[in-house]
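Protein sequence lines correspond, in order, to chains A and B. Counting in numbering that gives the first Met the number 0, the final residue of the first sequence is number 453, and the numbers go up one at a time with none missing. Counting in numbering that gives the first Met the number 0, the final residue of the second sequence is number 517, and the numbers go up one at a time with none missing.
One thing to keep in mind: the hints can contain errors.
[To be verified] In silico BS3-like cross-links for lysine-lysine, where the CA-CA straight-line distance does not exceed 25 Å:
| id | chain 1 | residue 1 | chain 2 | residue 2 |
| --- | --- | --- | --- | --- |
| 1 | B | K354 | A | K116 |
| 2 | A | K116 | B | K230 |
| 3 | B | K485 | B | K354 |
| 4 | B | K230 | B | K354 |
| 5 | B | K26 | B | K230 |
| 6 | B | K319 | B | K248 |
| 7 | A | K188 | A | K80 |
| 8 | A | K188 | B | K26 |
[Unchecked claim] Chain A is nowhere near these chain B residues, computed Cβ spacing over 12 Å in every case:
| id | residue |
| --- | --- |
| 9 | K15 |
| 10 | A84 |
| 11 | C88 |
| 12 | D94 |
| 13 | G304 |
| 14 | T492 |
The hints are simulated quantities; they were obtained by calculation from the structure and are not laboratory data. Just so you know, even glycine gets a beta-carbon here, dropped at the ideal spot from N, CA and C.
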Amino acid sequence: MSKWIIRRRDLLRGMGAGAALLPLLNVRAARGQAVPPKRVIMCVFPNGYPSGQYTATGNNGAVDLSTATFAASLAPLSPWKDQLAVVAPVKCINADDAEDYHRAYSMMFSGAAPVSKPLGPSSVWAPTGPTIDQVIANNIDLREKLPRRTLPLALPLGEPEGVDGTLEARRAFWAGQGQPITPEIDPYKLVKDLFVGTAMDDVALTQARAGRRSMLDFLGRDLERFSAQLGTEDQFTVASHLQGIRDLELQLQQIGTGGILGEPPTIPTGLNIQALNDTPALWEAQRQILLAAFRAGVTRVATMQFGPAWGDKLNLPWLPATGGRVWHEIGHGPTDNPQGQDDHQTVVTWYSQQFAKLLEGLASIPEPGPNSVTMLDNCVVVWASNMLSGDHDPSLPWILAGKCGGYFKTGQYLASAANKPVNHLFVDLAHAMDVPLDFLGNPDIRGPMPGLKA
Amino acid sequence: MPGVDPTAPALLPGPKPLRRLTNFELKNTMWELLAVDAPVPETLPRDVLSESGFSEGSVISRLEAEAIMDWTGTLAQQGVARIMASAPCVTAPADRALQDECVSGFISNFGMRAFRRPVIAAESTEFFSYYRDVLRTQQSYGFEQSIGVLAHLMLQSPRFLYHAGSPIAAMGPTSGAVRLDAYELASRMSYFLSGSMPDAPLFEAALNGRLASTEGIQQEARRLLNDPQSKVQIEEIMLQWLGIEDLRKKIKDARYSFTPELGQAMVDETRRLVDSVLDGEGTLASLLLSRTAYVDNGALAALYGHPGFTGNNLTPLQLKETERSGILTRAAFLTSQSLGSELNPIKRGLAVVGKFLCLNVPQPPAGFVPPDHVDPGLSTREFLKRHDANACASACHAMFTPAGFAFENYDGVGAYRTVDGAETIDASASVYFPDGTTRPVVNALELSQLLAADAATGDCFADHWFRRALRRRDIPNDEGHRQEVKQAFRGATGNIRELMVALVTSTAFTHRSLESAK
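Extracted from the complex, chain B is given alone in its bound form (with noise of 0.2 Å):
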């Protein structure tokens, strides 16, 4: 890469980390492999929360490789006519040998598609084997159903449900730094950019040596950002970077009236929100920014202050200008950030320092007992000054709350108010930055006006994307990479796909330490 000497000591890329695919990956990658619309079995564990902020795909033990030998059979048998069509020969030929030449060719062929690489011939000579041990042992078998069992066999192996590394690497040298071969470098490409599988392009670009330049890279990443798949795949980064929950569970005080349905339709109008920023502008200053709604759901339009509109997924509703802005005055986000208690402020606000500035707060001290309602009579910013006046609580509390009282018009649902209890709401506020100012503002509105307009918030989002790039927790040696990364989004005046652009650009990405290899 120019300008970067990845063996700088201080700029040594870090490890990639052995991930198996989240669920969400192994649907995609089914449905790109075997055209099959498959969703992930209610046995296999749903993906956790992992140190990088964002979801991974649950450690598989017993219970899960057994779901995913189950689940992989049945979408062997579904997908049989994608499986065939890897396969050299259309029907089985009668020689023997040229049989066997056949599944050798759907070995290639099929492994190069579903390890996202070349077969080397070590692992040819094993699937090989297994094959010929198939057609010993279950002689009812015909070739169709054999290489159907081989497939089957190949979507359980780790080179299929893991993001592996090359194979040919492993024999390489063992310290310092290396670059990806190209085909693992268009994984990583594609499962960041699109949440699947390389498409056959970028397979190309990859066996081309197209992936070997910076701009051979910005172009693939480019094409792939256009496609409606990376879409899918941006609403997720998001929706796991906000913390905006499964909102069909979520668990609400009576009096809200909250539905599963209606949780479900605030998730919704979010994915549409982030799509209607990328069909737009494309920055995070839009997404913070934007009035824009699509909303399908009566009760939200009503929560929204609409409440005769009926749209739908194409007619955009404007939201109040007195009242709403981007993303964070939207039910999902607010909902998600919202507790069972009505202290809101704590939770908003400590999301918004941590989500979009970056500050590390303290932990909350040994023997610390948090409160978990508002006392009777008391509007919740009145509990909380009388709570933040413990000498204890406020220390940390100053960097956080007073941001989180700047949504005080907004209810546990995120419908507008005006009065809070007896009180008239006052949603004023201030924001302690990243820079040591503190910052006043009168509501949420104009909190999304500084957010979108501070140079923090967007290395704040840079950063966090950083971490979902490389799927792991910060090392010190990223430093250097990430400077560069948040200047290019600068540069890109805070466009979300040029940041993404940037990121596998990166020296960071496109290489690893061998600190973990063997």
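Here chain A stands alone, though its shape is the one from the complex (with noise of 0.2 Å):
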């Protein structure tokens, strides 16, 4: 057991990632226990804007949100201004052309240099580094054991073809090179892991239960073994399936224990997990899981992908006024296509939509402390993109909502951040979760973004 926590601490310390507070943090969070716990979710859509609309008009330098208007694909929004911080567009400093930024999705919350890997006539960057959630969660870890470090949820991503069909296009989230996190898809089968099984007097069961973590103990120390003779690269490959392992192991503790465990959601019967029909559905059952997930202390950090990297292989169906165009093309417009920019606003007010729909759920949640009346006071929820508009616009948008306890000064928009690298970011998100954090992914680039703590 105490090997794993010395496993992770080197983790952190030898990725890039500069935690030298560690043995320090968190004081407030072990003191009182009257301090719920903070939680962010990150979420990310590929293509970015319509042209022009990730704006709040009206602002000059860091303005209050109240007096702004959004532009159409962002007013579902507008109900939750007071709860926003919009980050003028920042900077991938890795990424130099613009098809970079649609590369730039493995690696847009990791801040290190990628590696590029050729793919035919074209290629795909794979993250040299672990992504911010995994970093938090790790740390979050060495403090408290969750059934779960982080929850990473996606919806259907399309077939696994073309530029799409790469890991690389198909994850944004990353425990570390070569170790992408797979996302769940599936909301029966999250049910059935999250919040069913506690029926812990049956002797059966709980010889089940101890046969299946002998077996995981085993397997871990099998890989373990299976990786000191390889070479640094298939290491990595490895440390990813024994990461996977560590976390079954995890769970299994923390449920055998029955330590969690809330109501379960109720998803509606005969979803299609490979259905993009069934896209809106899958989301709004992802979304009660995540919730109920949140309110039970599975875990504190989410992940909701709605994508993958180009969306070339991906239609909408759910949204008829898209007609059958790929997602891809739909980003791509106006410049050939006058429908173009009416089918990509089409797309991302859907998507603002599902986000506002988060929100939403987080603010009925209550939750009192000294920095909060709902849940969603102590989270904070990234919604990001890869790139500004469809057409490659190179950088990157960022909303960040909720104030995870008191941290994040919301109801602005902050356009001192323009053009700044998104690595600043990351250390706010770390800092807003009580993560000691210098940097993350460039030693060069330290300390949050000016402008955006309380």
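With the hints as a guide, bring both chains together as one complex.
Following this line, the structure appears as structure tokens:
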């Protein structure tokens, strides 16, 4: 048991995360039980906004959002203005040409220089370090054992074909180099895993759990021995596998001791996890699961992926106005297609509505505390894309929602952040979550984004 | 290997990266190992595209580890008869020491097949200690059930799930290159040639040292390539090389009446085309030129201009000489290499130059915005002519769009047509070749002839299959080895199976560098 803690700590240090203050973390949470836990949700969608729509008109510099008007794509977020920090588009410093911002999907939350992997006439990027959700989750794991380090969710990602068929295009969250986190789509499996099966009186069941625990324990050691014979690159592959086994062990231990589990959400039957048409219902199911999981203390970190990096095999049949056109092509409009801007707006407006629903859900859960009334007050929800507009506008739009226990100054459009490296935002997220991080991925870019902290 | 010194710096073989078995390989291996025909579960993410240009299994993280644990658990129960057949005792001996002996024997026998190599003593000890642990903690388990649990564990071992090197070799030298040990080579051969684990004769060849010589490898390779299992593997590689998608999920404009069933029929027809080529001449040229089709779907027969044909898998249909030839003019290729927007010449042209001629097309410049539809009232050719007049686009598009015009006789689902909008189809095209020449063709039939006759096509084909055999991207040192393989492929007049034999006897395949080793 103690061995893993050392491993995680090493991992955190070894992968470009500057965590010099590690032993001093989270003093406040340790002292006062009355403080509700903080939580983070990272949501990502590809292909950005319709041209000119990522704005809050009427702003100069850091401006009060309450006096601003959102364009159509962001209009669903209007009721939440006082909870939002809209960050002027930031930069991915590793991206040079426009196509890079598609490639940046795999590393837009890691900040480390990627490795380029050729793929026919194109190429993809593989990240070389962990994404911020993993860094925060690993740090939480040092203080507190939860059944899940993270809850990685995604909507159907389309067929694994073409450039969107690569892991680099299909995974936005990574535990480290060569270690993509596979998101979960199936709500039935999630409910079963997270909320069902606590009848621990049954002797046979207890024994089955003991058997599985011993198997996982052996597999973990087996993988360690196996890994010792491998070169560095291959060790990354096995590290992902090992982490997977450890995560399963962790979940088994927590559930086995009866430590969690609240009311499971009710999921409609008959959803097809591969069917694009079921996307809205799948998202609603996943949203319910996420809220219930947070409430039950399953995890403090969740991720939500709304598509692969290009979207060139993905259409959106649940939005008939898009006429069956492919998401990538829609993203590029309206340069060649007069309908393009409207289609893109249709899609992003739908995405924004889903984001607003997530905020609504968090705000519906009361959570009293010194800085909070609802769960949303103790959360930070990130809403980011890999490019400003689908025409490869080379910068990253980031919206933060929730004050995360009073850390964030919300209700503002942070114009001063424009063109600053995205890496600063990772530091803010870490600090908001009481993780003492000075930089992520690039030691030359340190500290938080000025103006974001309350 | 005669003639090649793997220690010569320019020929130092490349690394053999650790890959997990693809879902296709997992399924085949389970069949071979447990005699259980079990598709991989939906919960295991599908194979992804790797930098070799072919599929690889997705990296194992939490979700995959759990899916594999559940799946192998079920299979260990279903395949218990085959599992117990690896135990040297039929029923549990009453004596504890004899029981232990039987379990040790099981670990050796089952491990030998599951790990595709002999189990070393340290591993055997570990697995035995796990068995002891099971007996201690799970008192309700009988002897057979305990062995079943042990098998379940072994099926989740990285030694089973990954294409791993020999644990003995890991203790050897740490720089330069090393020849794969016989079992690792047997595995590499078998998974490339058959998509599954070695069969009994191949294990025996490894044990008896017959894979130490080129002749021995050739003999075993030809034996495997004559097995029906190998055809399925060659179909898989072909589909991936050609970029043929899962057409059940293809999105096409409503005017085509495209259905998932038609899409599936197209893919099936391509598989049978590959089979019929392998049953016949077995050459790349015949793949490009064969007009024989096996069609068991009415809509597809109609699409090929034979609406009344009610054939099946066994009745060959000769496609119309003036409309069709081999793989390039078949529905699955044409439909996969099409866009929703009907700008098909771009995609089809790119496919020809990339997959058949291996031209390196530069990436679009910064700020590039691809056109995403054809202006109303213009034929596709006319629209693209205007688009390509754009100086920025013309430099690159000259390399591939012209080849794509050869396919203008085929619409978005590969049906033959003679008019596009108001215009009569002009399928004449000029094809840019790697030697710098530009050659005119009147249509895709002539393009197929041209490609079938030119050595550049075979060389390019060999390049793709070289990457597939090694399951990695190119490194500069591959060049010498690749030339040898191309030479052999030419010498065998483009025989696909002989190309595979040349690949598995190449030093690039039989050796690996130690640079990635610890």
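So, going through the hints one by one against the coordinates:
1. B/K354 <-> A/K116: holds, 19 Å
2. A/K116 <-> B/K230: violated, 31 Å
3. B/K485 <-> B/K354: Roughly 16 Å separates the two Cα atoms, so the pair holds.
4. B/K230 <-> B/K354: holds, 21 Å
5. B/K26 <-> B/K230: Answer holds: B/K26 to B/K230 is near 16 Å, not above 25 Å.
6. B/K319 <-> B/K248: Roughly 28 Å between the alpha carbons, so the hint for B/K319 and B/K248 is violated.
7. A/K188 <-> A/K80: At roughly 35 Å apart (the allowed maximum being 25 Å), A/K80 and A/K188 break the hint.
8. A/K188 <-> B/K26: holds, 23 Å
9. K15: Since the minimum Cβ distance to chain A is about 9 Å, B/K15 lies within 12 Å and the statement is violated.
10. A84: For B/A84, whose nearest Cβ neighbour in chain A is about 23 Å away, the distance exceeds 12 Å, so it holds.
11. C88: holds, 23 Å
12. D94: Holds, since 26 Å exceeds 12 Å.
13. G304: holds, 28 Å
14. T492: Holds, because the least Cβ-Cβ distance between B/T492 and chain A comes to about 28 Å, which exceeds 12 Å.
Hint check: violations occur at hints 2, 6, 7 and 9; the rest are consistent with the structure.
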